[in-house]
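Novice: So the sequences go chain by chain: S and D.
Residue numbers for the first sequence follow our numbering, so the first one is 1 and each next one is one higher.
Residue numbers for the second sequence follow our numbering, so the first one is 1 and each next one is one higher.
Keep in mind that the hints were calculated from the coordinates and are not lab data.
It is possible that some hints are incorrect.
Unchecked claim - Derived contacts from chain S toward chain D, CB cut-off under 8 Å, selection only: (1) R44; (2) G122; (3) L123; (4) E155.
Claimed, not checked - Restricting the straight-line Cα-Cα distance to at most 20 Å, the calculated cross-link-like pairs of lysine to aspartate or glutamate (EDC-like) are: (5) D/K34 - S/E31; (6) D/K269 - D/D293; (7) D/K34 - S/D55; (8) D/K275 - D/D247; (9) D/K34 - S/D43.
To be verified - Beyond 10 Å from chain D on every Cβ pair, some chain S residues (computed): (10) T8; (11) N10; (12) Q14; (13) T24; (14) F99; (15) G131; (16) R138.
Using N, Cα and C, we set each Cβ at its ideal position, and we do this for glycine too.
Next come the chains, spelled out residue by residue.
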Amino acid sequence: MTPTLNLTINGVPQQIALDDPRATLLDLLRERIGLTGTKKGCDRGQCGACTVLIDGRRMNACLALALSYDGAEITTVEGLATGETLHPVQAAFIAHDGFQCGYCTPGQIMSAVGLIAEGEAGLDPERIREGMSGNLCRCAAYAGITEAVLEATREMTSATGERESA
Amino acid sequence: MNRFEYTRAETLGAAVGAEGAFLAGGTNLLDLMKIGVAAPDRLVDISHLPLDRIEESAGGLRIGAMVRNADIARDPQVLARYPALAEALLSGASAQLRNAATTGGNVMQATRCSYFQDPLSPCNRREPGSGCGALGGVTRTHAVLGWTEGCIAVHPSDMCVALAAYDAVVEITGPGGLREVAMEEFHPLPDAEGAGAPSLSPGEIITHIRLPDPGPLARHGRYVKLRERTSFAFAIVSAAAALAIEDGVITEARLALGGVAARPWRCRKAEEALKGALATAETFARASELATDGARPSGDNAAKIVLAQRIAARALERAAAGTPDRLPALPASVFAGDDNG
Numbered sequence: 001m002t003p004t005l006n007l008t009i010n011g012v013p014q015q016i017a018l019d020d021p022r023a024t025l026l027d028l029l030r031e032r033i034g035l036t037g038t039k040k041g042c043d044r045g046q047c048g049a050c051t052v053l054i055d056g057r058r059m060n061a062c063l064a065l066a067l068s069y070d071g072a073e074i075t076t077v078e079g080l081a082t083g084e085t086l087h088p089v090q091a092a093f094i095a096h097d098g099f100q101c102g103y104c105t106p107g108q109i110m111s112a113v114g115l116i117a118e119g120e121a122g123l124d125p126e127r128i129r130e131g132m133s134g135n136l137c138r139c140a141a142y143a144g145i146t147e148a149v150l151e152a153t154r155e156m157t158s159a160t161g162e163r164e165s166a
Numbered sequence: 001m002n003r004f005e006y007t008r009a010e011t012l013g014a015a016v017g018a019e020g021a022f023l024a025g026g027t028n029l030l031d032l033m034k035i036g037v038a039a040p041d042r043l044v045d046i047s048h049l050p051l052d053r054i055e056e057s058a059g060g061l062r063i064g065a066m067v068r069n070a071d072i073a074r075d076p077q078v079l080a081r082y083p084a085l086a087e088a089l090l091s092g093a094s095a096q097l098r099n100a101a102t103t104g105g106n107v108m109q110a111t112r113c114s115y116f117q118d119p120l121s122p123c124n125r126r127e128p129g130s131g132c133g134a135l136g137g138v139t140r141t142h143a144v145l146g147w148t149e150g151c152i153a154v155h156p157s158d159m160c161v162a163l164a165a166y167d168a169v170v171e172i173t174g175p176g177g178l179r180e181v182a183m184e185e186f187h188p189l190p191d192a193e194g195a196g197a198p199s200l201s202p203g204e205i206i207t208h209i210r211l212p213d214p215g216p217l218a219r220h221g222r223y224v225k226l227r228e229r230t231s232f233a234f235a236i237v238s239a240a241a242a243l244a245i246e247d248g249v250i251t252e253a254r255l256a257l258g259g260v261a262a263r264p265w266r267c268r269k270a271e272e273a274l275k276g277a278l279a280t281a282e283t284f285a286r287a288s289e290l291a292t293d294g295a296r297p298s299g300d301n302a303a304k305i306v307l308a309q310r311i312a313a314r315a316l317e318r319a320a321a322g323t324p325d326r327l328p329a330l331p332a333s334v335f336a337g338d339d340n341g
């Protein structure tokens with residue numbers, strides 16, 4: 001019997017027939033769905049390149065068995081922008097040179113989106129660096145990444161504040 | 001990775017007694033399967049069992065086995081009453097891993113001994129009778145307490161060290177019913193042949209971790225962890241300390257070491273020496289020497305004994321200064337400064 005998996009990926013409900021239970025969420029996204037923005041780095045939960053949001057929480061897709069997340073809502077880097085308008089975290093990474101080669105960038109961006117949603121780092125650069133320590137950057141663009149997360153946090157919290165006061 | 005049969009257990013009854021390997025957060029088991037150290041024929045997915053709550057229990061807390069590590073660390077009751085537990089959790093792994101890893105899985109995680117993780121190396125823990133590749137090898141992360149020539153691996157958990165200090169109890173359900181084991185006794189110490197008897201029998205499952213009322217220990221709890229980089233690394237040595245202090249005198253003390261043995265190491269002699277003594281640097285230095293009573297290097301790692309003493313003293317000093325209102329930006333870091341931060 002081939003199990004069928006129900007996932008909502010970037011807002012689109014999908015039914016996926018899975019003939020091999022070994023598929024991780026990372027392999028499923030890249031090989032079956034064709035969303036190759038999520039990157040495979042170490043494939044062992046050590047580098048963070050595969051970070052996605054599962055039900056709103058950042059996790060390593062390489063260590064998530066796809067079958068275990070039947071029914072979940074997944075957000076990948078492809079699901080962040082609204083049309084041609086970049087998500088504030090994406091825009092801030094460009095503005096602050098938060099990358100060189102770009103391979104770790106989708107994972108960095110998804111991790112930053114998760115970090116800002118957690119709301120515990122605020123505008124403290126040390127807490128941001130600690131909160132982003134699950135994402136390695138071999139080009140060592142860390143200084144720009146921290147600046148980008150700071151700016152995106154400011155942007156997103158002031159936007160929330162305006163909405164709340166409106 | 002080998003092929004396996006996958007089933008999802010919707011109820012505890014369906015999980016207990018099931019044959020196969022239990023899958024929860026997957027952060028350790030899937031990794032072990034990818035590197036060929038684990039190859040179960042059947043995975044029983046227990047991640048959806050209704051064991052995902054933190055409840056009040058007899059003045060303390062009862063943490064479900066499927067609560068994610070990140071959710072324990074940000075629980076207001078845990079932060080207020082068991083701060084060393086929150087700090088230990090936040091000093092471990094990465095935010096992504098803490099969002100996935102479960103309480104039960106953290107307890108059950110395998111050693112990070114590189115010889116255990118390498119299927120080509122002999123390892124009594126992975127393959128009983130094959131020998132120990134770590135003996136005479138690279139041993140800076142290996143045990144200095146409670147080891148034998150059968151196995152010198154350490155348990156990698158930070159969470160369990162704090163749990164042992166707080167007298168936590170592991171609740172287990174099996175085909176034969178319920179049983180409980182103290183956290184500090186849960187992980188077996190090795191015997192002459194290898195890793196010792198497994199903590200759980202086939203079909204048994206951890207359902208909860210129970211924490212007793214910490215009383216006045218709540219206000220003086222800290223975790224300190226020495227590692228090769230400041231974040232996202234396992235401990236070389238670590239220490240959880242909790243104190244009750246009245247008018248400068250220690251009325252109750254808890255101290256446990258991590259990274260030194262196959263289990264979190266409760267330092268009973270040090271605790272006895274602390275009780276009734278003045279909360280001073282001299283007291284903590286004396287207690288920290290007792291903390292490593294019986295320690296001996298298992299290889300080229302004698303430095304860990306001295307480091308463990310220093311980290312224990314640091315944890316006691318920070319605990320005595322009082323739990324900070326907010327955990328430091330770098331939880332458990334030796335670089336966090338001693339100004340209560």
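Novice: Evaluate each hint against the coordinates.
Specialist: Going down the list of hints, with the structure as the test:
no. : hint            : result
1   : R44             : holds (5 Å)
2   : G122            : violated (10 Å)
3   : L123            : violated (12 Å)
4   : E155            : violated (21 Å)
5   : D/K34 - S/E31   : holds (18 Å)
6   : D/K269 - D/D293 : holds (8 Å)
7   : D/K34 - S/D55   : violated (25 Å)
8   : D/K275 - D/D247 : holds (13 Å)
9   : D/K34 - S/D43   : holds (9 Å)
10  : T8              : holds (17 Å)
11  : N10             : holds (19 Å)
12  : Q14             : holds (19 Å)
13  : T24             : violated (7 Å)
14  : F99             : holds (19 Å)
15  : G131            : violated (6 Å)
16  : R138            : holds (15 Å)
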